[in-house]
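Asker: Spelled out from the first residue to the last, the chains are:
2 protein chains.
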Amino acid sequence: MNNMSALAKKLGKRIRELRKKQDSTSEKFAQENGISVGYFCDIENGKRLPTLEMLEKIAKALGVPLRELF
Amino acid sequence: MNNMSALAKKLGKRIRELRKKQDSTSEKFAQENGISVGYFCDIENGKRLPTLEMLEKIAKALGVPLRELF
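Keeping their order, the protein sequence lines are chains A and B.
Okay, so the first sequence: first residue is 1 according to our numbering, each after it adds one.
Okay, so the second sequence: first residue is 101 according to our numbering, each after it adds one.
Pulled out of the complex, with its shape left as it was, chain A reads as follows (with noise of 0.2 Å):
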């Protein structure tokens, strides 16, 4: 595995585990917070780097600081 996917693991592997802690599935946070939903699906499983403004909106969308994500 290269760097650039151990990130994406990781950080999909936080981002869920954030998003769980508000109850919510993946397609309904994604929904709510004007994402696609199939690429929010690939953040979360480490499949898709996102971009650091999405990765700001996302962690404004879970209430923490961009920095709990990583």
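Calculated directly from the structure, the hints in this document are not laboratory data.
Where hints are given, some of them may not hold.
With a straight-line Cα cutoff of 30 Å, these simulated DSS-like cross-link-like pairs (lysine-lysine) come out [said to hold, decoys possible]:
1) B:K147 with A:K47
2) B:K120 with A:K47
3) A:K60 with B:K110
4) B:K160 with A:K57
5) A:K28 with B:K121
6) B:K160 with A:K13
7) A:K60 with B:K128
8) A:K13 with B:K128
9) A:K10 with B:K147
10) B:K113 with A:K13
11) A:K60 with A:K9
12) A:K10 with B:K121
13) B:K109 with A:K60
14) B:K128 with A:K47
15) A:K10 with B:K113
16) A:K60 with B:K147
17) A:K60 with B:K160
18) B:K110 with A:K9
19) B:K110 with A:K13
20) A:K9 with B:K157
21) B:K109 with A:K13
22) A:K13 with A:K47
23) B:K147 with B:K128
24) B:K121 with A:K47
Given the structure of chain A, go ahead and fit chain B onto it with the hints provided.
Answerer: Chain B only, in chain A's frame:
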């Protein structure tokens, strides 16, 4: 200022601060780490938001964990 440029400014400032601690110039640092000098200067100046791959590369070169940049 929108969120994206606020984030770019904050990141650039933090990167510059850590790069200076290495007693390196932005040009030297970029060249030594295989980053385009112009791109790196734009990042430090908060004019461009780096990708997460680039940010990870920079963090590694600065010898800090990625979360330290936020």
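Asker: If a hint holds in the structure, say so; if it doesn't, say that too.
Answerer: Now for the hints, and whether the structure bears them out:
| no. | hint | verdict |
| --- | --- | --- |
| 1 | B:K147 with A:K47 | holds (28 Å) |
| 2 | B:K120 with A:K47 | violated (35 Å) |
| 3 | A:K60 with B:K110 | holds (17 Å) |
| 4 | B:K160 with A:K57 | holds (25 Å) |
| 5 | A:K28 with B:K121 | violated (45 Å) |
| 6 | B:K160 with A:K13 | holds (22 Å) |
| 7 | A:K60 with B:K128 | violated (36 Å) |
| 8 | A:K13 with B:K128 | violated (36 Å) |
| 9 | A:K10 with B:K147 | holds (28 Å) |
| 10 | B:K113 with A:K13 | holds (29 Å) |
| 11 | A:K60 with A:K9 | holds (20 Å) |
| 12 | A:K10 with B:K121 | holds (28 Å) |
| 13 | B:K109 with A:K60 | holds (18 Å) |
| 14 | B:K128 with A:K47 | violated (34 Å) |
| 15 | A:K10 with B:K113 | holds (26 Å) |
| 16 | A:K60 with B:K147 | holds (22 Å) |
| 17 | A:K60 with B:K160 | holds (26 Å) |
| 18 | B:K110 with A:K9 | holds (25 Å) |
| 19 | B:K110 with A:K13 | holds (26 Å) |
| 20 | A:K9 with B:K157 | holds (17 Å) |
| 21 | B:K109 with A:K13 | holds (28 Å) |
| 22 | A:K13 with A:K47 | holds (11 Å) |
| 23 | B:K147 with B:K128 | holds (19 Å) |
| 24 | B:K121 with A:K47 | violated (35 Å) |
Checked against the numbered hints above, the structure breaks hints 2, 5, 7, 8, 14 and 24 and satisfies the rest.
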